[in-house]
Amino acid sequence: MPDAIYANNLCFRYGDEPIFSQIGFSLCAGDFAGVIGANGAGKSTLLRLILGELSPTAGELRLFERDVRRFDAWSRIGYLSQNGLSSGANFPATAEEIVTANLFSEIGFLRFTKKAHREKARAALAQVGMEAYAGRMLGSLSDGQRQRVLLARVLVSEPELLLLDEPTNGVDAETVASLLLLLSRLNREKGLTIVMVTHDIARAAEYLSRIFCLEDGSMVELDKAQLLEELSHKPAGAASLRKGPENHGNHGNSGI
Amino acid sequence: MVIMEILEYDFMRRAFAVGLLLAVIIPCIGMIVVLKRLSMIGDALSHSSLAGVAAGLILGVNPILGAGAVCIAAALSIEIIRKKLPKYAEMSIAIVMSAGVGLAGVLSGFVKNAANFNSFLFGSIVAVSDFELRLVILVSCAVMAAFFLLYKELFYVALDERAARIAGVPVRGVNVVFTVLTAVTVSVASRTVGALIVSSMMVVPTACAMQFGKSYRHTVICSIAFAVAFTLLGLFVSYYARLKPGGTIVLIGAGCFLLILLAKKIASRKRVL
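As you go down the protein sequences, you meet chains A and B in turn.
By the count of this note's numbering, the first sequence reaches residue 705 at its end, each step adding exactly one.
By the count of this note's numbering, the second sequence reaches residue 331 at its end, each step adding exactly one.
These are calculated hints, taken from the structure and not from any lab test.
Warning: the hint list may mix true and false statements.
[Unchecked claim] Derived pair list, reagent style DSSO-like, types lysine-lysine, alpha-carbon separation capped at 30 Å:
hint, chain 1, residue 1, chain 2, residue 2
1, A, Lys564, B, Lys272
2, A, Lys563, B, Lys272
3, A, Lys563, B, Lys94
Based on the provided sequences and hints, a complete structural model is requested.
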C-alpha cells in the first residue's frame with residue numbers, strides 16, 4: 450500500500466519556539482489514525498503542515514508520494530477545521546448549499562451549479578444521515594447536525610485522505626459516538642484514510658487503527674491494546690468506552 | 059399621479075436610475091462583506107475615499123476618480139494587513155480608516171470649494187452629472203457580472219477561506235477582484251448616498267434579509283429587494299419632505315430593521331405563550 454502521508458525528520462518552529470524536532474511517521478492508505486497531545490503540543494500545527502499552509506523548518510513531508518511543497522492535488526484531501534462548527538453556525542445557507550460548495554473542482558471556475566451537483570450533495574448528506582435536512586438553514590440545526598453537514602461537505606468531493614481537527618469538540622456524547630461510528634464505517638467500507646486530532650481519546654480509541662501522541666516536540670505511536678487496557682481501568686474512560694458499538698474491531702487496515 | 063409628478067423632473071429620473079442601480083449592487087457587495095465579518099470595511103473605504111475626493115478637487119481631476127483610486131489602494135491595504143495579522147483582522151480596517159481620514163483632513167484644508175467637498179459627506183443623488191451616471195452604469199454592470207459569475211466562489215470564500223482553497227478556489231484572486239469591486243462601488247456610492255452613509259447601505263439591507271432568508275440565494279434576493287424598497291421610499295419621502303435623500307434612505311432602512319427585530323421578538327413571545 451502506498452503511503453498517504455510520510456514524514457521523516459520533520460522539524461517546525463514558530464519563530465524561536467520549536468514545535469517539532471525530527472519527528473517521523475507514515476500513514477498507509479486505509480489507516481484511521483488519531484493524534485493526541487496536550488494543548489499547544491502542535492496537533493493543529495501538524496495538520497497545517499500537511500495542508501501546506503506552513504512550511505517545515507527542516508525534514509521531509511510527503512503527501513501521496515509527493516513533497517507537500519509541490520503537492521497540488523488538493524481535491525484528494527478533505528479537511529474539517531476545529532472552529533468550523535462555531536464560525537459557520539449563523540451562516541445564512543442551507544445544508545445543501547453548504548455541501549455543494551465543496552464540489553468546486555467538479556463544477557469548475559466561473560461555471561454554474563447544475564442539478565447533478567445538487568443531487569450529489571444530497572447523496573453526501575444521506576451518507577451522514579442528514580438528507581432530510583438538505584433544505585434547512587445551517588443555523589437552525591443542532592451542533593451535532595451541523596457537524597454532520599460539515600462532514601458531508603468534506604465527503605462530497607470524494608477525498609482519499611480526511612484530516613479532522615477535533616471533530617467531536619462541542620457536541621454531545623451521543624453525537625460523538627455516532628460521529629465516530631460513521632467515520633469508522635467510512636474508513637472500513639470506503640477505505641478512506643483518516644487523520645483525526647482529538648482530545649477525546651477515551652471515546653475515540655476503540656475506533657482508531659493507530660494512535661500517535663505528540664509530546665515535548667516528539668511524536669510516538671502508542672500501543673492501542675495497551676491504551677485500551679489503561680483506559681478501561683479509568684472510570685470515566687470505561688463509561689465512555691462502553692457506549693461504543695459492539696462490532697468495530699476489524700478496520701481492515703494494511704498499514705498497522 | 060404622484061409618481062408621474064416626480065418623474066417629470068430630469069434630475070429625479072437620474073436619481074431613481076442611480077439609486078436603483080446602487081440598490082442592486084451595494085447589497086451584493088454588502089452580503090459578502092457581512093459574511094466575512096468585515097462590516098466596517100465600507101466605513102473604512104468610504105472615509106478613505108474622502109482623501110481621494112479632496113485630492114481630486116485640488117488637482118482638478120473628477121473627485122469620483124480620485125475617490126476610486128484611493129478606495130482601491132485602501133481596500134488592497136486592508137487585505138494585505140489582514141493577511142499579515144489574521145488574528146486581528148479588524149485592526150486592519152481601523153488602521154486604514156484612521157490613515158484615510160487623517161489624509162482627508164489634511165488635504166481638505168487645501169480645497170478651495172468647501173461646499174463641493176462637503177457634498178460627498180452626505181451625498182447628492184439629485185445632482186448627478188452625465189459622467190457620473192455613466193460611471194454608475196458601468197460600475198453596476200461590472201459588479202453584477204462579477205457577482206453572478208463568481209457567485210459560488212464568493213460564497214465559499216465567505217463561508218470558509220481555508221476549505222475553499224483546499225477545494226481549488228483561487229482564493230487570492232477572488233479576494234482581489236472582490237476588493238476592487240468593493241472599492242469602486244464605495245467610491246461611486248459616496249458621491250450619491252454619501253461617504254458617511256454608504257457602509258450602512260451595505261449592512262442594513264443584508265441585516266434585514268438575514269432575518270427572513272430561507273437559503274443563501276433567498277437572502278441575497280431579499281437584501282436586494284430591501285435595498286430597492288428603501289431607496290424608492292427614501293427618494294419619495296426626501297422629495298416631499300425636502301430631506302437629504304442619502305440620510306433618508308439609510309434612516310428608513312435602519313427603522314425597518316428595528317421594526318423587524320421588534321416584530322420577531324413579539325412573534326417569539328406569542329409562540330412561548
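These are the hints, each one checked on the structure:
1. Lys564(A) with Lys272(B): 19 Å, holds
2. Lys563(A) with Lys272(B): Holds - the C-alpha atoms of Lys272(B) and Lys563(A) are around 20 Å apart, at most 30 Å.
3. Lys563(A) with Lys94(B): It holds: about 26 Å lies between the C-alpha atoms, which stays within 30 Å.
When the structure is compared with the earlier hints, no violation turns up for any of them.
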